[in-house]
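In order, the protein sequence lines correspond to chains R and L.
Residue 197 in numbering that gives the first Met the number 0 sits at position 198 of the first sequence, with consecutive numbering throughout.
Residue 258 in numbering that gives the first Met the number 0 sits at position 259 of the second sequence, with consecutive numbering throughout.
For the record, the hints were derived by calculation from the structure and aren't laboratory data.
Computed far set for chain R versus chain L, every beta-carbon distance over 10 Å:
(1) Leu-30
(2) Pro-59
(3) Tyr-62
(4) Val-73
(5) Leu-75
(6) Leu-97
(7) Leu-162
(8) Gly-197
(9) Val-202
(10) Arg-206
(11) Leu-215
A few chain L residues facing chain R, derived, Cβ under 10 Å:
(12) Ser-173
(13) Thr-174
(14) Val-178
(15) His-182
(16) Ala-302
(17) Ala-303
(18) Phe-305
(19) Val-309
(20) Leu-310
(21) Phe-313
(22) Val-314
(23) Phe-315
(24) Tyr-316
This structure is a prediction, so every number in the text was calculated from the model and none was measured.
Built from N, CA and C at the ideal position, the CB exists for glycine as well.
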Amino acid sequence: MHLVPSAYAGFADVVAMLVLLTEFAMLRAPLLRSQVRIYAFQSLVVTGLAVDIAAARHVPDLYTLAALTFALKVVLVPGVVLRLLRDAEADLAGSPVLGVASMVLIAIAVSAFGFFAVGSFHVQSATLPTTALAIAIAAALVAFVLIILRTDVVSQAMGFFSLENSVSVASLVVAAGLPLVVEVAFLFDLLVAVVVFGVIMRVHHGRTKTLSTDELDRLKG
Amino acid sequence: MGPSVVAPQGIQALQVATILVGSPLVSGVIAHVEGRLQGRRGPRILQPYYDLAKLFRKETVVTDESSWVFLAGPVVAFSCYLIVPMLIPVLTTYGLPLGYMGDILGGGFILALAGFSVALAGTESGAPYAQLGSSRAMTFGALIEPTILFVFFAVALLTSTDLPYAMAATVRSSTSEIVRPGHVFAAIAFFLVVLADTGRIPVETHSGTLEFGMIDEGRTLEHSGPQLALLKWGSAMKQLILYTILINVFVAPWGLATSGSPAAVVIAIASLIGKAVLLGCIFALIDNLFSKLRLFKITEFLAAAFLLAVLAVFVFYVKGG
Numbered sequence: 000m001h002l003v004p005s006a007y008a009g010f011a012d013v014v015a016m017l018v019l020l021t022e023f024a025m026l027r028a029p030l031l032r033s034q035v036r037i038y039a040f041q042s043l044v045v046t047g048l049a050v051d052i053a054a055a056r057h058v059p060d061l062y063t064l065a066a067l068t069f070a071l072k073v074v075l076v077p078g079v080v081l082r083l084l085r086d087a088e089a090d091l092a093g094s095p096v097l098g099v100a101s102m103v104l105i106a107i108a109v110s111a112f113g114f115f116a117v118g119s120f121h122v123q124s125a126t127l128p129t130t131a132l133a134i135a136i137a138a139a140l141v142a143f144v145l146i147i148l149r150t151d152v153v154s155q156a157m158g159f160f161s162l163e164n165s166v167s168v169a170s171l172v173v174a175a176g177l178p179l180v181v182e183v184a185f186l187f188d189l190l191v192a193v194v195v196f197g198v199i200m201r202v203h204h205g206r207t208k209t210l211s212t213d214e215l216d217r218l219k220g
Numbered sequence: 000m001g002p003s004v005v006a007p008q009g010i011q012a013l014q015v016a017t018i019l020v021g022s023p024l025v026s027g028v029i030a031h032v033e034g035r036l037q038g039r040r041g042p043r044i045l046q047p048y049y050d051l052a053k054l055f056r057k058e059t060v061v062t063d064e065s066s067w068v069f070l071a072g073p074v075v076a077f078s079c080y081l082i083v084p085m086l087i088p089v090l091t092t093y094g095l096p097l098g099y100m101g102d103i104l105g106g107g108f109i110l111a112l113a114g115f116s117v118a119l120a121g122t123e124s125g126a127p128y129a130q131l132g133s134s135r136a137m138t139f140g141a142l143i144e145p146t147i148l149f150v151f152f153a154v155a156l157l158t159s160t161d162l163p164y165a166m167a168a169t170v171r172s173s174t175s176e177i178v179r180p181g182h183v184f185a186a187i188a189f190f191l192v193v194l195a196d197t198g199r200i201p202v203e204t205h206s207g208t209l210e211f212g213m214i215d216e217g218r219t220l221e222h223s224g225p226q227l228a229l230l231k232w233g234s235a236m237k238q239l240i241l242y243t244i245l246i247n248v249f250v251a252p253w254g255l256a257t258s259g260s261p262a263a264v265v266i267a268i269a270s271l272i273g274k275a276v277l278l279g280c281i282f283a284l285i286d287n288l289f290s291k292l293r294l295f296k297i298t299e300f301l302a303a304a305f306l307l308a309v310l311a312v313f314v315f316y317v318k319g320g
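In isolation and in its complexed conformation, chain R is listed as follows (with noise of 0.2 Å):
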């Protein structure tokens, strides 16, 4: 017989697997905007979760970390990443290499690598919370297949910043006492990233006139 998670965990285990299920509908999302409202919506809920981590384990650090994952992640990042979109005036993404069926069956069969593979660590601990472990574990693999089988450099961009979302529940669950300047790294590194993003979203369309990364297989000289 299994052992039963308390409500708590059970809980959070499922706010942890609804960030997995947005990695998923952003694999199979054929427009560009709608990408990243999921991927405003999968942050959504990374800051639910921090709340309630929070609330349960009297972490009021975690509140700080919950107003800046809000105004960052759900607010800020698609803002930009929308206003870059109206610019380039581009809808849909390229046809991608798989069909989305296979894409969704080979991101089944990564998460299912994830998941065995943190069952397999036999991590036996009373307050480790092993299965938000592997969801999260599962989610940054499927944020990986989305960056590699997706040709677009939104998509490209969306699994980037969704790989740093399940890292963020990761650390979450795990170590929610991580000192606070610890996490603010972390979202620092997102404005990071997002600027590089955004710089390359520009070029590459300026240079193509698309967002597809299909174009860039000839040498230019």
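Given the coordinates of chain R, work out where chain L should sit on it, guided by the hints.
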């Protein structure tokens, strides 16, 4: 004779009778609510009963090409739908005498046999639309099957059995069981399966008359008279059976009789019909909020259900799921 206890066999008969008699009522309420949501007055709540009575009085018309299979299909399907309510917790929390003659897989097989015989009868008619409907119903049925299997796996991992009664008891036992991701996602996946299997909107227009969009409805186009009545009644029963499994096994197994006292049994009947009507209202709302998917997009909907069921099973491989 002790007046205060209904014999287990009696409750078993009542389980079947509740599904048999209650299913047109639930369909009627859903159709009425749907009409109201669309700004119509909607048909009377008892309309399905009148329809059935009318159809039973009509004569049967058979196409030249069809054989006895065409006439037997609806009867076989109807008797299958009469058997399934014996296996699932319709009214009681405890297993009734015949309740353990089949597990959750057994119930699934009998439902599949019913679907198969209706599809066979549709194909046997020799009419193009009925054959198209049957072929589509079997194709999408095959795509739903893996999701159902993984939901069963999740049930097996949660309860170490494959009995619907054990699953319901597990859900009732504590709050932590309800919010476990394995349970939550298996329940949502099963909800999507019910949506697809009862021919609701993302998959099929329930009350449509356009043959090209039909899946389940298309199979019965050539039947008439008592056979059509049995098919319509059967599909209403299938709907209530699936609702009952979703409600009394996965989502809200409360209000069931814990003993054979008449009061408890009456409350159980009333609460089942009430919960089924509530669930039906949710389905009617979904009908109005979403549009029908194009036929080739249905696989994506089913893939989403499959994803949820697979993830529900995966989480068990990490400690505590």
